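Number of protein chains: 2
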Amino acid sequence: MPPDKKITKIAVDAMGGDYAPSEVIKGVVAAAKEGGVEIILVGPLPVTQAELAKHTISDLPISCIDAAEFIKEGEPPALALRQKRNASIIVATKLVKNGEADAVISAGPTGAVVASALMILGTAEGIDRPVVGGPFFGFSPNTIVMDAGGNVDCKPYHLLNFAIVGCVYAQKLLNISNPTVALLSVGAEEGKGNELVKESYPLFQKSNLNFIGNVEGNDIVTGRANVIVCDGFVGNVLVKFCEGLGITIAQWIKTNLSGKLSNSEITKLSDDLLALTNGADISGGGPLLGVNGVAIVMHGRSQASQFTTAIAQTKTIVESGLVNSLNSELSKNRRQPDNGKD
Amino acid sequence: MPPDKKITKIAVDAMGGDYAPSEVIKGVVAAAKEGGVEIILVGPLPVTQAELAKHTISDLPISCIDAAEFIKEGEPPALALRQKRNASIIVATKLVKNGEADAVISAGPTGAVVASALMILGTAEGIDRPVVGGPFFGFSPNTIVMDAGGNVDCKPYHLLNFAIVGCVYAQKLLNISNPTVALLSVGAEEGKGNELVKESYPLFQKSNLNFIGNVEGNDIVTGRANVIVCDGFVGNVLVKFCEGLGITIAQWIKTNLSGKLSNSEITKLSDDLLALTNGADISGGGPLLGVNGVAIVMHGRSQASQFTTAIAQTKTIVESGLVNSLNSELSKNRRQPDNGKD
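As they're listed, the protein sequences go chains F and L. Numbered according to the working numbering, the first sequence spans residues 1 to 342. Numbered according to the working numbering, the second sequence spans residues 1 to 342.
Some clues are possibly wrong.
Repeated chains share a single entry, so a pair holds when one copy, or any two copies, can fit it.
[Unchecked claim] No farther apart than 30 Å at their CA atoms in a straight line, the calculated lysine-lysine pairs in the DSS-like style are these:
| id | residue 1 | residue 2 |
| --- | --- | --- |
| 1 | 9 | 172 |
| 2 | 54 | 9 |
| 3 | 9 | 33 |
| 4 | 198 | 155 |
| 5 | 192 | 155 |
| 6 | 254 | 268 |
| 7 | 94 | 192 |
| 8 | 6 | 33 |
| 9 | 72 | 84 |
| 10 | 72 | 198 |
| 11 | 97 | 192 |
| 12 | 84 | 198 |
Note that these hints are calculated values from the structure, not bench results. Only a predicted model underlies this, so the values are computations on that prediction, with no experimental measurement involved.
Make a model of the complete structure from these sequences and hints.
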């Protein structure tokens, strides 16, 4: 069987997200129809089966596995995971651990998805905390911002790992052979920045990364580096700001062009801008990088089309061998973050 | 003489900025022609006089004060200020201290402008470090982001002061009587955020601010709060990202509308978007808030029109009595940040 015909098995948390389970299952059914994937829906059987019954799914490779509980937005993740051993996210992640699935997808609370991945799959060598990121800004499609959400209060050691993860991402998913790496800061010159950036700079310099120094906020837009590294607090605020801005400007374009172009032209322009600024909304989410397995965290507000897109993206990620490459690269760089001073 | 006819005396660092002194002086001459201000140009006399000689300035209220030296981009500010006692930014700031000018404007290195203001003017009561900020995003003109650049590695105490400063700014310059205040974070719920946000939250709750909780990056765009408080690292990255994004989208609009609308319509749309996303570029900069005097920090890349705009804005700021109001509000709130635990 040629590689592009390989079937990827994906465990989907049927109960994760603001519109679960209906939108999750609608998206899953559409993805299954596209082929190349086998879906394992995880959630309370009465719920998933009732929801599936609303669709025509005969012959589609969708199965259900029971998980009596699920974790709601706002529950403290660690406590919830301890109390709800049969939560859908736990059961789904275990399928990856046991080799019964190639990947897990959830739009449930990010903290719970991350905690499950950490607890069940564990992290890749040299990684403390998994990373979220990717080319979030469509105008600079070859620029990845890492970390874009999972990790706050980072140390230089974490930023170096984000950079390594970003480089593997760029190589495997964007086909960039020798990605450039930069630290996001408040000034381009060495010495500008907060303590984290100042302490990280020499660590990046002596790494074997293709480090080009500091870049500023506007450099994300111009794509000055392929991998732009920052604390997850900054990355998360940036991604959300960009999304909000895209929505506002798209609406502004509509208002300003009304009556000057045809409605279809205006809608196309507005939709194109949304796609360029709301990348994560289009794809629905991104991989949790640095865990020993493919785990995809989606926006809580994801709807059916985002689940369908995310399933296709997950298939690509599984086939790229991203996780194995990450493990290999992180183990090569292990000594630098560990020793810190050499 | 009615208040709007009052003459504001402004000391301008003739040597500050990428295009100094020519663009500085061009902007100053234009501002002087508009009236209501008296300009004191500070820089090496041979330079300023030679540059002024290129313009028709007879009768314009522009005088020159000698300052033999100036501080270049990249010089360590503290060291440079010690070594260059006659630097233009020092001489100009001293004019404010001595009451010979109502305000100082410089597009020189931000670090040097801030250090001069700190050293010579001192900070307002309860403020350690001056703040930069304002309504940087034209789509939400009643939303101020503080701090947008000056201060990194902040403590909760600093964030509270930024909030107080932001409220006075909103009251005096935006005419918002009871501004809402929020902490910028990675989640709207209490408890979401980095250590700084988590520690600041209770401090904000027990203050007499109109605190509405955490907001996220997209809430800047929708104007969910009047004053959105963050560490200056985050604020700076956001402002620059917004500027870069505005430039890129404006160009994208031009490309996509080419041939579909008249050139003048396309240019207007593009220019309008730039104005909405590059507020600081239009005005050229903003006041350094929390120092005992009006000091305006401008972008290094400012050109003549930005200096002209900044001079007009500075006149407004001086006339608003912002500094006195800040001192008064900060002194009222003094006990909260000082005690920390009550």
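Status of the hints after comparison with the structure:
no.: 1; hint: 9 / 172; in the structure: within (20 Å within a copy, 60 Å between copies)
no.: 2; hint: 54 / 9; in the structure: within (23 Å within a copy, 74 Å between copies)
no.: 3; hint: 9 / 33; in the structure: within (14 Å within a copy, 73 Å between copies)
no.: 4; hint: 198 / 155; in the structure: both (11 Å within a copy, 18 Å between copies)
no.: 5; hint: 192 / 155; in the structure: both (17 Å within a copy, 19 Å between copies)
no.: 6; hint: 254 / 268; in the structure: both (10 Å within a copy, 15 Å between copies)
no.: 7; hint: 94 / 192; in the structure: between (44 Å within a copy, 27 Å between copies)
no.: 8; hint: 6 / 33; in the structure: within (15 Å within a copy, 74 Å between copies)
no.: 9; hint: 72 / 84; in the structure: within (11 Å within a copy, 61 Å between copies)
no.: 10; hint: 72 / 198; in the structure: between (39 Å within a copy, 21 Å between copies)
no.: 11; hint: 97 / 192; in the structure: between (43 Å within a copy, 29 Å between copies)
no.: 12; hint: 84 / 198; in the structure: between (42 Å within a copy, 26 Å between copies)
Of the numbered hints listed earlier, not one is contradicted by the structure.
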